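Chains A and B, in that order, are what the protein sequence lines are.
Each residue of the first sequence is one higher than the last, beginning at 1 in this note's numbering.
Each residue of the second sequence is one higher than the last, beginning at 250 in this note's numbering.
Simulated from the structure, these hints should not be mistaken for lab results.
None of these values were measured; they are calculated from a predicted model.
Do not take every clue at face value.
As the list claims (entries may be wrong) - No farther apart than 25 Å at their CA atoms in a straight line, the calculated lysine to any residue pairs in the SDA-like style are these:
1. B/Lys426 - A/Asp88
2. B/Lys480 - A/Lys200
3. B/Lys480 - A/Lys146
4. B/Lys480 - A/Leu189
5. B/Lys480 - A/Arg15
6. B/Lys379 - A/Leu189
7. B/Lys480 - A/Ala80
8. B/Lys480 - A/Cys81
9. A/Lys146 - A/Asn118
10. A/Lys200 - A/Ala102
11. B/Lys480 - A/Tyr54
12. A/Lys200 - A/Leu189
13. B/Lys480 - B/Pro429
14. B/Lys480 - A/Asp99
15. B/Lys379 - A/Arg15
16. B/Lys379 - A/Lys200
17. B/Lys480 - A/Ala65
18. A/Lys200 - A/Asp88
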Amino acid sequence: MPEQTEGNATTGTRRAMRLGVAGPVGTGKSTLIATLCRELADELSMAVVTNDIYTDEDARLLRAAGVLPIERIHAVETGACPHTAIRDDVTPNLLAVEDLEAEFAPLDLVVVESGGDNLTATFSPALADAQIFCLDVAGGGDVARKGGPGIERADLLVVNKTDLAPHVGVDAEQMVTDAKASRGGLPVLALSQHDEVSIKALAGWVHQVLADYRSGTHVPRDPGPMAPHSHADGTTHTHEGGEDGHEHA
Amino acid sequence: MSTGLGTLLLADARLPVGGHTYSAGLEPALLDGLPVERIPAYIEARMRTVGLAEAAASVLAYRAVGGAFVPGRIEAGPEGLGVDADALADVHEALLARSPSAPLREISGLLGRGLVRLADRLWPEHPAVKALRTLGRAPQRPIALGVVAAVMGSEEAEVARVSLYDDAQTVASAALKLAPVDPVDAAGWVLGAEGVISSVVAEALAVEGIDDLPARTAPQIEGWSLEHQVKTRRIFVA
Ligand SMILES: Nc1nc2c(ncn2[C@@H]2O[C@H](COP(=O)(O)OP(=O)(O)OP(=O)(O)O)[C@@H](O)[C@H]2O)c(=O)[nH]1
Ligand SMILES: [Mg+2]
Ligand SMILES: [Zn+2]
Ligand SMILES: [Zn+2]
Chain A
1 MPEQTEGNAT TGTRRAMRLG VAGPVGTGKS TLIATLCREL ADELSMAVVT
51 NDIYTDEDAR LLRAAGVLPI ERIHAVETGA CPHTAIRDDV TPNLLAVEDL
101 EAEFAPLDLV VVESGGDNLT ATFSPALADA QIFCLDVAGG GDVARKGGPG
151 IERADLLVVN KTDLAPHVGV DAEQMVTDAK ASRGGLPVLA LSQHDEVSIK
201 ALAGWVHQVL ADYRSGTHVP RDPGPMAPHS HADGTTHTHE GGEDGHEHA
Chain B
250 MSTGLGTLLL ADARLPVGGH TYSAGLEPAL LDGLPVERIP AYIEARMRTV
300 GLAEAAASVL AYRAVGGAFV PGRIEAGPEG LGVDADALAD VHEALLARSP
350 SAPLREISGL LGRGLVRLAD RLWPEHPAVK ALRTLGRAPQ RPIALGVVAA
400 VMGSEEAEVA RVSLYDDAQT VASAALKLAP VDPVDAAGWV LGAEGVISSV
450 VAEALAVEGI DDLPARTAPQ IEGWSLEHQV KTRRIFVA
């Protein structure tokens, strides 16, 4: 049983759910977000915050995709510190989210794209209620096995661009199997823009998390730096929320 | 009595108020050809112009919320001992009138919001924080800085010094991201500004009200800020 925190009960279901999308450069985060907008924007009121490292490429890609009105896409500068902006000091991102929430109230979902960073950058629960970590097959088949906080403990791990697998000599299925092995039951999704079924599965996952968030059963988890550990009773778990309270039975 | 911790926090880039997105104008300056060797001169130019105006405004904001009268008193009475929201609003207006660049006002407002967010979370009921909130959601950073410093019990001179130090350190640490600079040299630049910072602190403390609030600006820096705002390739917001 996950450790239940007061989290959503107090923040309530009024404010939009904040979904972070992190992962290394070029793994398809912006494309994934554009896809989500295309799939969900009819039913959900959405907005996006991008964290470009050097250009406004991400925001431009999304605006050009025409999947959301451009004023619902805000770009945030990160001072060459994309990891800081989603973890140590989330202020600029929170301000951007709050601006969008104020401007387009009521929003259902705000997606925050992290500037492509290394394998250890994950969202603080202070910014993201849930997060997707995005890898791609082109990054090599062994990345999933190497692990890291995002790969092991993000709410969803996406193995992206599976259509490219044959071209880059990677066994996508094996990559998914490796990823699942390191995630203790957390979901892994093999995704490709050319695979309609996988896109529907992605949209379905977001719908499910949003429903859980609204009903107060989704607990924001911190994939953070803390390694999962075992207890004498044989259970393995992580401590969501950072502090190691160790109150669980 | 103040422990001085509050001032240290305000001077610490690790304080989560969004400072890492800001280069204090250095990015557009370097893009326009400012040589790296001139960065210390750039720091000094800022101290003597925008630095003075901002430090003095911070001090006036600090005084407007009773900072000078109740040092260290986070528990200032519910009636708001020494807190004058109107005076605070006047200082804010006066500073806005001395900040001709729209993008720089906007960035200052963003940094101010970071401080408001911090204050709202840590001291939601403090009369000085309530007065700060009457300035809207994005008060200029120096005003928010003065208020937060007052709440944390900083001394008056520390408010001015931390305002200037933060500006100098922002330039120096942004330089590490923008140019091939040895971090030790960058630390040396900040220390090298000690003389000018001390004299500007004295000038800021001598300011008595908005009528003699300095209106010194740096047109080149403002021009750069306008160019930077429309760039599509940049690391820092300003
Ligand atoms: N073949 C294939 N290419 C894809 C897929 N998804 C994205 N791409 C391509 O991968 C490249 C990078 O995609 P982006 O969405 O910009 O990746 P990103 O992670 O947002 O990149 P950064 O923001 O720069 O880190 C683009 O050329 C996309 O068209 C996919 O499913 N299959
Ligand atoms: Mg992108
Ligand atoms: Zn960094
Ligand atoms: Zn435990």
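Hint-by-hint comparison with the structure:
1. B/Lys426 - A/Asp88: holds, 18 Å
2. B/Lys480 - A/Lys200: Given pair B/Lys480, A/Lys200 is violated - Cα atoms ~37 Å apart, limit 25 Å.
3. B/Lys480 - A/Lys146: Between B/Lys480 and A/Lys146 the Cα gap is close to 38 Å, so the pair fails against 25 Å, i.e. violated.
4. B/Lys480 - A/Leu189: violated, 37 Å
5. B/Lys480 - A/Arg15: Not OK: B/Lys480 and A/Arg15 at ~33 Å, beyond 25 Å, violated.
6. B/Lys379 - A/Leu189: violated, 48 Å
7. B/Lys480 - A/Ala80: With a Cα-Cα distance of about 16 Å, the restraint between B/Lys480 and A/Ala80 holds, given a limit of 25 Å.
8. B/Lys480 - A/Cys81: holds, 19 Å
9. A/Lys146 - A/Asn118: Given pair A/Lys146, A/Asn118 holds - Cα atoms ~13 Å apart, limit 25 Å.
10. A/Lys200 - A/Ala102: Violated, at about 30 Å.
11. B/Lys480 - A/Tyr54: holds, 10 Å
12. A/Lys200 - A/Leu189: Given that 25 Å is the threshold and the Cα spacing comes to 11 Å, the pair holds.
13. B/Lys480 - B/Pro429: holds, 22 Å
14. B/Lys480 - A/Asp99: holds, 22 Å
15. B/Lys379 - A/Arg15: Holds: B/Lys379 and A/Arg15 sit about 24 Å apart, inside 25 Å.
16. B/Lys379 - A/Lys200: violated, 48 Å
17. B/Lys480 - A/Ala65: holds, 21 Å
18. A/Lys200 - A/Asp88: Cα-Cα ~34 Å, so violated.
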